[in-house]
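Q: Read off the chains here:
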Amino acid sequence: MFNKFMTDNSNEILRRALPLLVTEINVMQSESDYWICYGSLLLGLQNNQSDIDLLYIHHDPHQQPSRIQSSFEEWPVTIYALNESDFKADGEQRKYGGYFSGKVINPHAVLGGHTDSVQATLKVAGGFIGQFAASLSRRRGREIASPGNIAADCFLAFLHLCPWYRAYFMRYFVDPRFADIWQTLQASVTTSLVLAKEVTKLSPGYFEYQNPLDEAQFHIEMIKVVARFWAVGACFHGGRIDFPDYYFEKSEQFLRRTGYINHCAKLYDFLNTQAK
Amino acid sequence: MPDIVLTASKAVGMMLGEDIKPELVVISSPGSSGARVSIIRDARTGHLYAVKCALNTRVSLSDEMAKREFLTPYLSGHIPKVLWCGTIDGFEVMISECRGMHTLHGSIINSNSPHSELKTVWSDVLSSLVGMWEQSSHRFYSALCPRYYPKRVKRIQEGVRETIINNICIGDHLDLPIVINGVKYPPMGEALLRIEKVSEPTFGVVCHGDPQPSNIMVQHRQWCLIDWEWSGRNHDWRMMFSHLFGWWGARCIALDDNPRLEVVNGRLSLEYKAFLPPHIERYQQRTNHVFSRMHQRSKGVNDVEDINMFLAALYFGEVRFLPMWDRDSFMIPMLAEGVRTACAVPRTAVGNLPFIFNPEEVTTCSTSS
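Note that the protein sequences, when read in sequence, are chains G and U. All residue numbers for the first sequence refer to this note's numbering, where the first residue is 13 and numbers rise by one. All residue numbers for the second sequence refer to this note's numbering, where the first residue is 222 and numbers rise by one.
For reference, chain U alone in the conformation it holds in the complex (with noise of 0.2 Å):
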């Protein structure tokens, strides 16, 4: 058994007692932390309980543990208890309630609810990070954002110089044009530069940092929060915004074939075909209410093009974690949105759907829909 599913158990029976029988029922990919969480039932009870075990992350378990207390106050029901927090084995663990043994991105993708139910959660998620959004606004300091962007930046500005793809290092063709399915769009290494130029939020908020679907654990109709790392104040409500609506399209996307990237004529070539699957579309619009309510009450004239800005360091942020999770094939659509969504005008054009934000675009969608 890997160490972590053993350090797991181990937790689990020092937490309970030393004669309990601990089951495996699954454990996760390793997230961006390389933490991992397992999800271990106690054969006598059947109780299912929740074990993260982290080694040497950024953010020890314990801090985030305190970081969760930031939420509790606006998103009460909807945040786990902690039961245990310790090291084990030269491991941090954090046992949690488990509240569902499905992140609502896995409920989604493999339609384990009926999609009514589905769509009636994420609503209620949405409407509940605004909510807490508009209780917790606070004047903005950009260096006290949990997610300092211009570090952010450097970091998936580095991640994407050194991407290799057929042999290709995408770090030595940062200044040649890109064609993306036969249209022409500036160089990468300028979009790599557009992406760092956004303005600051009118006011700052309370968020979890990363609010996504993988974050979301659903049953019946419930839902919670995990991962907190990431939570506190000062952020922008724009780039947790960009998380919401970015998501879908980073990470539910279907391929029509293997995407294609050369070097040919001078040019970086960037081939593919890929959609997002219409009834997930529906999720992506709900989206669109969120940003109404908040830009009606930010009133920022750049919360659009910034908004943007934020999902082309989305898409381009991907590109590094995606072979650890098994998806290369998805790096070239994500370069090449990540130009696409730094670089294309006009905004309001259609057919950007699901990648770039233009909210005409995404409320004529849901109206139709």
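For reference, chain G alone in the conformation it holds in the complex (with noise of 0.2 Å):
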């Protein structure tokens, strides 16, 4: 859904790129292997200084996920490895408090893999954020959504759990094309909460969701996320306990160089607006 954000750049930089990236990934591949693109490739907006993010999917159970640090005529590449079972698992599971899965929540392109890739990586996200935004839209007394309202709804979720999330939102905030853009999360977002089965669709337009999860529960999945996902952090960061801090801290700085600090009460009224 996102492909068409694509600059003819980005795609001319995967084209040469993931033939020889894939090169760097120690375990045994297959036919049905895909890469996911996400972050500031994907939407165009890659400078000198840009890294290249992607996900390898893949078929090996013996590989645990993995980080691969590379680069490709000089742009930093960062490769997150693991199989598909796994990232599955990041979603129904939320076995990596969302690491990998919560990639997908946001602006992504599927690249190889077979017919039914998309939808899996759809599935994913919508399996690891389903319930939180469910749980949200119950507390403001509604459990009928438009897909503005499920877009929402994950957003904050996602922001509910990690905040400093609102410095990669921020950059799809600012972008002219934003509306554009707000759309298409609107699609894909709503995608993958019915592919997980956490909204069914009532009629055109409105969503049941199925899962919210009481406040007690909602607590108990909140903090495992959190544990996990910074627990996941630090280890694919060379085992630094200051990994949170350094992620916070470079967070707010983006936000504080750019400006953009002064955009994050716009943000968030976007999003409880879309909310209502």
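No lab work stands behind these hints, which were simulated from the structure alone. We put the beta carbon where it would ideally sit given N, CA and C, even for glycine. Hints may be right or wrong, so weigh each one.
EDC-like cross-link-like pairs, simulated, lysine to aspartate or glutamate; straight-line CA separation at most 20 Å [said to hold, decoys possible]:
| id | chain 1 | residue 1 | chain 2 | residue 2 |
| --- | --- | --- | --- | --- |
| 1 | U | K302 | U | D431 |
| 2 | U | K288 | G | D63 |
| 3 | U | K302 | G | D254 |
| 4 | U | K288 | G | E86 |
| 5 | G | K16 | G | D187 |
Here's a subset of chain U near chain G, in silico, CB distances under 8 Å, partners left out [as the list claims (entries may be wrong)]:
| id | residue |
| --- | --- |
| 6 | V280 |
| 7 | M286 |
| 8 | G453 |
Hints are included, so try docking the two chains, each in its own frame, into the full complex.
A: See below:
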């Protein structure tokens, strides 16, 4: 769905890069492996200092999730390689605190794989965030939602789990194409929740949440997700016990440096309005 | 106190506890990335810490920390531990073990230790690097090289074009034939095009990415490698060799008098007298066994020619950084040696050291000294 935002340059970079980058991944490879591109390259926002951010979903059952740093024509490349079972588990069971599944709530593009790979990816996202979105919606007294409500509920839920995600979402919010990006996110996120059976369609444009958590369950699930997310992040970043603080500061520094710190209230207002 | 020193002190304080009394021991010149390293002493214990502060560098310090992991399997004991990494006052900060206050470069230039010891250290560095290359060889993909050569060359070419010496903009005179110390050479523009053309190596290696004496800390015959931002797989061992060989000509030559550059009779004339002190030549000569071992394995027919193109790129590449290090007087020699190394034939002529690599000449010198 988000392929339309990719520039010719982004497409060309990936066309050249992926066949080479696959050699950096030390797993038993198969025809049904696929790439997921996310981050600045996906929206054509890359500059000389941008990373190329990729997930590699493979089918080698013997490999733990891994983080691989490489470079392509001097662009830094970060690849998270994990098998499809682990990827799905990060959706349904939130096994890694949404470290991987959370990435595909955001704009992303699936490259390679089989015909089901796109839907499988969307389902993972929906499985992770669906219940949290449903619970926040119920707090507002709403169990029926439009695509706009669903998208807002999901991103508000994500911000609830990780407030520093606002720096990430801000990149879309300030983009001149945000209206179009938001339209596409509505479609993508709604499809995610439908595939994960977190919502069912009642009528055109209206969906019903299926599995909201009660307050006690929400609290426990949230704690589990947060603990797992930061543990995984710290492991992938050299076992640094200060990784969370590093991440917090880096996010806030981005907002301060760009002046977007002054837009945060508007961002929340937008999402809260969409959630009404 | 400069911001960086305050930030470095704060970082050590955050790591160790607020009642630390930090003392600045030394602060480095900015590297090509702009990052700076302060060595901070904890006055209570005397322990030293190397604190690197970076602002909007191409490779974040967090990523640099990750790249360190490429080297640790091969260079165990020679890579300092990272003790802390974070963000303070907008700077990214990394604190590492401080295993020596002097770089190998500084120690050699200042003769801080007997040269017999320093040469042993240098030989050990070279052996360890070759060992790492031999163990890590893999199929080479140039686009995955951390120092992707086409982009590096473009930056170098741009740097030369923008260089101004004595109000002469080099970019305005790229087509003029060149005379270097009375000898004619093709135009600078031609030299800059020649350095683009290198063949691919027969295999890639894991490497530090910038292996040279100012990235090596020494203390009591022990050494360690610092600044890992370019570390990774898919390095070209010939490019890495050019750093090991070319460092001496690029950073250790002495000038006899002020170099001169002028446009005269439709030619760009460069005049300078430089030499590499004999006791430093011997460090360069020790690189030859690196070439022998790797070339025997690689059997690349263009290895020597490609190494000289990398060397020419290295010399040209120095030019844009020299003013930052207050070494403006070396701009003319570096431009000249870039041209000579890219264009000089035959390679087998003697008298090309310390700039042009000719394995026979290096061997002859090392056996006669």
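Q: Work down the list of hints and note, for each, if the structure agrees.
A: Comparing the hints with the structure gives:
Between K302 (chain U) and D431 (chain U) the alpha-carbon distance is near 19 Å, which keeps this suggested pair within the 20 Å criterion. With a C-alpha separation of about 15 Å, the suggested pairing of K288 (chain U) with D63 (chain G) holds against the 20 Å cut-off. As the CA atoms of K302 (chain U) and D254 (chain G) are separated by approximately 16 Å, the hinted pair is consistent with the 20 Å bound. Taken as a hint, the K288 (chain U) and E86 (chain G) pair is honoured in the structure, with Cα atoms around 14 Å apart against an allowance of 20 Å.
With a C-alpha separation of about 15 Å, the suggested pair K16 (chain G) and D187 (chain G) falls inside the 20 Å cut-off, and the hint holds. Here the hint on V280 (chain U) is kept, as its CB sits about 7 Å from the closest CB of chain G, short of 8 Å. Annotation: M286 (chain U) was flagged as interfacial toward chain G, and the flag holds, the nearest CB pair being 5 Å apart, inside 8 Å. Using the Cβ-Cβ criterion of 8 Å, the hint placing G453 (chain U) at the interface with chain G is satisfied: the shortest such distance is roughly 7 Å.
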